[in-house]
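Protein chains in written order, with my numbering: chain A, 1 to 113; chain B, 1001 to 1114.
Simulated from the structure, these hints should not be mistaken for lab results. Among the hints, a few may not be true.
[As the list claims (entries may be wrong)] Straight-line alpha carbon distances no greater than 25 Å define the calculated SDA-like cross-link-like pairs of lysine to any residue that follow:
#  : chain 1 : residue 1 : chain 2 : residue 2
1  : B       : Lys1057   : A       : Gly95
2  : A       : Lys51     : B       : Arg1068
3  : A       : Lys59     : A       : Thr27
4  : A       : Lys51     : B       : Glu1024
5  : B       : Lys1071   : A       : Phe45
6  : A       : Lys100    : A       : Gly66
7  : A       : Lys105    : A       : Glu54
8  : B       : Lys1009   : A       : Gly40
9  : A       : Lys100    : B       : Lys1014
10 : A       : Lys56     : A       : Asn98
11 : A       : Lys70     : B       : Ala1081
12 : A       : Lys59     : A       : Gln11
13 : A       : Lys36     : B       : Arg1068
14 : B       : Lys1071   : B       : Lys1083
15 : B       : Lys1009   : B       : Ala1081
16 : A       : Lys100    : B       : Glu1015
17 : B       : Lys1071   : B       : Asn1084
18 : A       : Lys36     : B       : Ala1081
19 : B       : Lys1071   : B       : Phe1088
20 : A       : Lys57     : A       : His42
21 : B       : Lys1057   : A       : Glu54
22 : A       : Lys36     : B       : Gly1040
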Amino acid sequence: GQQVMQIPQYQHVQEGEDFTTYCNSSTTLSNIQWYKQRPGGHPVFLIQLVKSGEVKKQKRLTFQFGEAKKNSSLHITATQTTDVGTYFCAGRLVGGSNYKLTFGKGTLLTVNP
Amino acid sequence: DGGITQSPKYLFRKEGQNVTLSCEQNLNHDAMYWYRQDPGQGLRLIYYSQIVNDFQKGDIAEGYSVSREKKESFPLTVTSAQKNPTAFYLCASSIGSTNTGELFFGEGSRLTVL
């Protein structure tokens, strides 16, 4: 079935280092969303990408959607301790229900101050 | 404050007992969802509802039931038929009707079956 793979599963960095998490789908996505879940918290929406090759930035965060709309990445420049948490990608399958988001397993980011 | 309220936050139950998790939203959203989250796993869709009095099975609906009698409310019952019910349950809502809606999540309910 439809799968969204996310790597790495864990990433530990020193404060100030960069961080990237990657998301790959077995099939084409109509759009992809990214969420952040702080430890003990609930997922919070970060951004949505819709167009092929789209790049969006939010301060130190850069989100990309691949040309084939099957992969995406989230890059954080100069991590801070406030970036700690699990980052999930979630995609909607082309031709599938608008209401069904398939989530990756997430990347847990820890930052050493 | 607009948002989604889940209760209880923590729940302990014995095996074989049904348990109902509450989810209420005051965002006036049409669509509501229930997800299950296990350690190190992504979120898996249990049920979703596009509109009042309608709901659809998600990817892991077996052993669960829902109702949507009011727009604001989407309770989830974890039945005794669910083989491994211990998990973190997240309710969410979205505006619905389009394929670009972001999900707004509640704070979750952590169910432990002893």
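Structure-based check of all given hints:
no. : hint                    : in the structure
1   : Lys1057(B) / Gly95(A)   : holds, 17 Å
2   : Lys51(A) / Arg1068(B)   : violated, 34 Å
3   : Lys59(A) / Thr27(A)     : violated, 30 Å
4   : Lys51(A) / Glu1024(B)   : violated, 33 Å
5   : Lys1071(B) / Phe45(A)   : holds, 22 Å
6   : Lys100(A) / Gly66(A)    : holds, 21 Å
7   : Lys105(A) / Glu54(A)    : holds, 23 Å
8   : Lys1009(B) / Gly40(A)   : holds, 12 Å
9   : Lys100(A) / Lys1014(B)  : violated, 32 Å
10  : Lys56(A) / Asn98(A)     : holds, 22 Å
11  : Lys70(A) / Ala1081(B)   : violated, 36 Å
12  : Lys59(A) / Gln11(A)     : holds, 21 Å
13  : Lys36(A) / Arg1068(B)   : violated, 28 Å
14  : Lys1071(B) / Lys1083(B) : violated, 30 Å
15  : Lys1009(B) / Ala1081(B) : holds, 22 Å
16  : Lys100(A) / Glu1015(B)  : violated, 30 Å
17  : Lys1071(B) / Asn1084(B) : violated, 29 Å
18  : Lys36(A) / Ala1081(B)   : violated, 32 Å
19  : Lys1071(B) / Phe1088(B) : holds, 23 Å
20  : Lys57(A) / His42(A)     : holds, 23 Å
21  : Lys1057(B) / Glu54(A)   : violated, 32 Å
22  : Lys36(A) / Gly1040(B)   : holds, 14 Å
Figure legend: structure checked against the earlier numbered hints; hints not met, in rising order: 2, 3, 4, 9, 11, 13, 14, 16, 17, 18 and 21.
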